[in-house]
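Please arrange chain B on chain A, whose structure you already have, making use of the hints.
Spelled out from the first residue to the last, the chains are:
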Amino acid sequence: MVDKSGADGRSLIRRRAGLKLWLSGGWLATLALAAILAPWIAPQDPLAQDLFLGRLPPVWIQGAEPGFYLGTDSLGRDVLSRILYGARLALIVALVAGTVTCVIGASLGLLAGFLRGWVDVVISRAIDIWMAFPPVLFSILLIAVMGPGLQSIILAIVVIDWTRFARVVRAEAMAQGAMDYVASAQVAGRGRISTMLTEILPNVLPTIIALLTLEMGIAVIVEAILSFVNLSISTDDPTWGGMIAEGRTSIHQAWWVLIFPLITLFLTVLSFSQLGEGLKDRFDPVLR
Amino acid sequence: MQLVRAFLLRLMTTAVTLIGVAVIVFFVIRVVPGNPIAMMLPPGATEADIARLTAQYGLDKSIPAQFLIWCQGVVQGDFGTSITSNQPVLSLVLGRLPATLELSIMALVIAVVLGGIIALTGTRNRGTKLEAALDVGNGMALSVPDFLWGLVLILLFGVLWPVFHISGRVTPSLDLPFSSNFYLFESLIRLRFDLWADIVSHMFMPALALAIPLAAIIGQLLKQSLKETMHLDYVTLARTKGYGENHVITREALPNAILPTLTLVGVQFTFLIGGTVIIERLFSYEGLGNMAIDAVINRDLPLIQGIVILFAAIFTAVNLVVDLSYALLNPRLRHG
Numbered sequence: 049m050v051d052k053s054g055a056d057g058r059s060l061i062r063r064r065a066g067l068k069l070w071l072s073g074g075w076l077a078t079l080a081l082a083a084i085l086a087p088w089i090a091p092q093d094p095l096a097q098d099l100f101l102g103r104l105p106p107v108w109i110q111g112a113e114p115g116f117y118l119g120t121d122s123l124g125r126d127v128l129s130r131i132l133y134g135a136r137l138a139l140i141v142a143l144v145a146g147t148v149t150c151v152i153g154a155s156l157g158l159l160a161g162f163l164r165g166w167v168d169v170v171i172s173r174a175i176d177i178w179m180a181f182p183p184v185l186f187s188i189l190l191i192a193v194m195g196p197g198l199q200s201i202i203l204a205i206v207v208i209d210w211t212r213f214a215r216v217v218r219a220e221a222m223a224q225g226a227m228d229y230v231a232s233a234q235v236a237g238r239g240r241i242s243t244m245l246t247e248i249l250p251n252v253l254p255t256i257i258a259l260l261t262l263e264m265g266i267a268v269i270v271e272a273i274l275s276f277v278n279l280s281i282s283t284d285d286p287t288w289g290g291m292i293a294e295g296r297t298s299i300h301q302a303w304w305v306l307i308f309p310l311i312t313l314f315l316t317v318l319s320f321s322q323l324g325e326g327l328k329d330r331f332d333p334v335l336r
Numbered sequence: 042m043q044l045v046r047a048f049l050l051r052l053m054t055t056a057v058t059l060i061g062v063a064v065i066v067f068f069v070i071r072v073v074p075g076n077p078i079a080m081m082l083p084p085g086a087t088e089a090d091i092a093r094l095t096a097q098y099g100l101d102k103s104i105p106a107q108f109l110i111w112c113q114g115v116v117q118g119d120f121g122t123s124i125t126s127n128q129p130v131l132s133l134v135l136g137r138l139p140a141t142l143e144l145s146i147m148a149l150v151i152a153v154v155l156g157g158i159i160a161l162t163g164t165r166n167r168g169t170k171l172e173a174a175l176d177v178g179n180g181m182a183l184s185v186p187d188f189l190w191g192l193v194l195i196l197l198f199g200v201l202w203p204v205f206h207i208s209g210r211v212t213p214s215l216d217l218p219f220s221s222n223f224y225l226f227e228s229l230i231r232l233r234f235d236l237w238a239d240i241v242s243h244m245f246m247p248a249l250a251l252a253i254p255l256a257a258i259i260g261q262l263l264k265q266s267l268k269e270t271m272h273l274d275y276v277t278l279a280r281t282k283g284y285g286e287n288h289v290i291t292r293e294a295l296p297n298a299i300l301p302t303l304t305l306v307g308v309q310f311t312f313l314i315g316g317t318v319i320i321e322r323l324f325s326y327e328g329l330g331n332m333a334i335d336a337v338i339n340r341d342l343p344l345i346q347g348i349v350i351l352f353a354a355i356f357t358a359v360n361l362v363v364d365l366s367y368a369l370l371n372p373r374l375r376h377g
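Chains as they are written, first to last, in the numbering used here: chain A, 49 to 336; chain B, 42 to 377.
So here's chain B without its partners, still in its complex pose:
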């Protein structure tokens, strides 16, 4: 019962956050100097043409009035029409969302695997030179952001030793039989491993760039909690029973050490998704972030608005899921 009430309260704050984001973006982008309509018409357009189109996009009304109209549309699933492409914002944004989701999830998987390896290797080799070296590398990975790792990867594996693609999502000349925009997922389902390999080879560099800082955080925190767990009585008991060090670490210590890391991964995952904006730009990857930067440059107000709200919705949804799973996984919270 207590859990349900906490959940409802949490849902309400989420709604307040999303409305706050919508209000802020809406007002911020409308202070933009320069009429976006005048920018999209050819140079010879008359004043009357500009006025007619401005009215068509509703930009002649006061900002609060525009916000109310926009809200009415959103309730009916209408996020407005993009000024540059003249298509519904919702379909444009949903068309790009799969690319960004696949990239983020691939990055998350890489980060968890890498971070896990770092933590387990470090714990297995406590007090050795290897652990010290891992710590130094971890510290570096932690203090340099994804944008710079992306550039380093471009130089290393795009130029110096060109094994991966460094721009785009898939080789443009390939014939794609896909019916959705989840290329990575669909190529697997259709058993087109040739396409799958091509897509992975495009996605691996940007995903790795996004994953490196998160892997370092996971590695650090998981190692720390593993070390704390290794001193507990039940781990010592497992040792005296004659289990080997590997068994003790992975079977006894790991399940108990993993919970704090899990919560952190959830919060950090939202930072990772935020990082896709510039990483997609850097690797010319056709996702939401790349589209967002173009929309800002072209002053496509309805599109900017839609993309920022979608990002905010993803962030708050991830946080909600994390809080919920924490409550479900943690026995102390469950029994309140």
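So here's chain A without its partners, still in its complex pose:
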């Protein structure tokens, strides 16, 4: 921990947080742009198979074909184009699943932490039960039940991960609820729900936003894991996890099929979490 008391420590953290924000935000913006522009910038059709072009190495290695910059997989599909198209699914899942999980989880956490009483008992018990499930197994189970597809992935993430928000927001709301300013708002004659939305929510919002970016990274990973075990969307559509699964089986013949989607996934997950950390530092009133 850097010493937070001195002015130098503060500016150091601020500078580091700034760098984190720029690097991670930059990567995610590039990726989002590439995903949107995929139909125009992808050098090949991501679904086109050509067995004569199977397992071509990346362009800088002997034996490559021009136009297949990062090589091809065993069916002759272009790795770069598939990564670009895979980014579309990954980012849609990150945005939609992350946001829905956040809204549901944070609302439940807020209600439990501020209203207390039986609401808190019910929600806390549900959190306890949820925490006893192995999350990866639970998500695979849900997809098997609901059938593969984008909606199932998003629903599975929401059903499993709402507790991440609920737990933290509940604790924060409880701490805020005990403070004087909340009591004075109550004395001033405000309703419970109104106090919750106007006094508590703004104070826990920084935490919620930091958690949201973390959750987006987690959603990307969950989608990759589900497509790795072949349960994500239809098997033809390019997904990073599907590419990794294919790369894992042909790792000794064609390392590039595994390494490029892996690097992309690695950077994306790292960026989401660093963005969350950076935002948390920026919002932290002590540091500001």
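Possibly wrong hints are sitting among the right ones.
[What the hints assert, rightly or not] Pairs of lysine-lysine residues, derived as DSBU-like cross-links and limited to a Cα-Cα distance of at most 35 Å, are as follows: (1) B:Lys-170 with A:Lys-328; (2) B:Lys-170 with B:Lys-102; (3) A:Lys-328 with B:Lys-268; (4) B:Lys-268 with B:Lys-282.
Worth flagging that the hints you see were computed from the coordinates, not collected in a lab.
Chain B in isolation, oriented as in the chain A frame:
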């Protein structure tokens, strides 16, 4: 007395949690479209065949009725019969459990050792470039999950510099004299170090993948509490007595800084066990998690049910032990 009451209360919530898990899984997996019985019979099977087998597995009754029958069985130690292999779920699951336990415990040991080294090195070199570098590495290890570390390790030590095995639990051609499924443990007891080395070489990569994020958490938290302890009076006193920095850190500060980390390790250990599901798949390791994914793909309802309950039981048991040991270790709680 207070402790006993708290313990009983804790035991009750644990029971409620386990029953909740059982109910949820039971109902969720029975909404599955597609008859698992029809899937396991050969294509030429008649309607009557399907109906007979469906009745044999009790799948023709209503879901609440099935749940009651299942509960009666569980009380007698009968978790049903696997649909795909036609063997008792309990023996199948217990057969795989040792593999997963050994992997999890090995990962935990690696995480504690690595995390301890990170924290002690960081504290010893406070304010230097080395500490800053450790912090950056720690941050990265923390934000990337075990699944990705597993893939990175496969590329690094399975392909680029192939020193470890990246699939399986033991080399299949080896003749195994074991009478239990605790291979790692039993090879040590039987002094078969050749087998032990082979097993470790298979387990090290998946265990390390599971350990990296936990090691980072331990490193971060332990370093933080070490730093807080280093400012306390009794540590300063030890310094003025002329003890060296290493002695002060390991002998004076560490014993007092370790308690918060210990509780955290317990909770995080359950996350690690949950991570074995996908890591076992990734490294084709024959444990519970790998079996669970196959069971889901094959729609083997009784087996899925058994495995999820077992995982939930392990999670809650670990949490129970953590809470209990915290109460016993923390003098403030003990004297209530």
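Does Lys-170 of chain B pair with Lys-102 of chain B here, judged by a C-alpha cut-off of 35 Å?
-> violated (67 Å)
Can the restraint linking Lys-170 of chain B and Lys-328 of chain A be considered satisfied, given a maximum Cα separation of 35 Å? holds (24 Å)
* Asked: Quick one, are Lys-328 of chain A and Lys-268 of chain B close enough, alpha carbons at most 35 Å?
  -> holds (23 Å)
TODO: With a cut-off of 35 Å on the C-alpha distance, tell me whether Lys-268 of chain B and Lys-282 of chain B pass.
DONE: holds (20 Å)
Comparing the model with each numbered hint stated earlier shows that hint 2 is the single one that does not hold.
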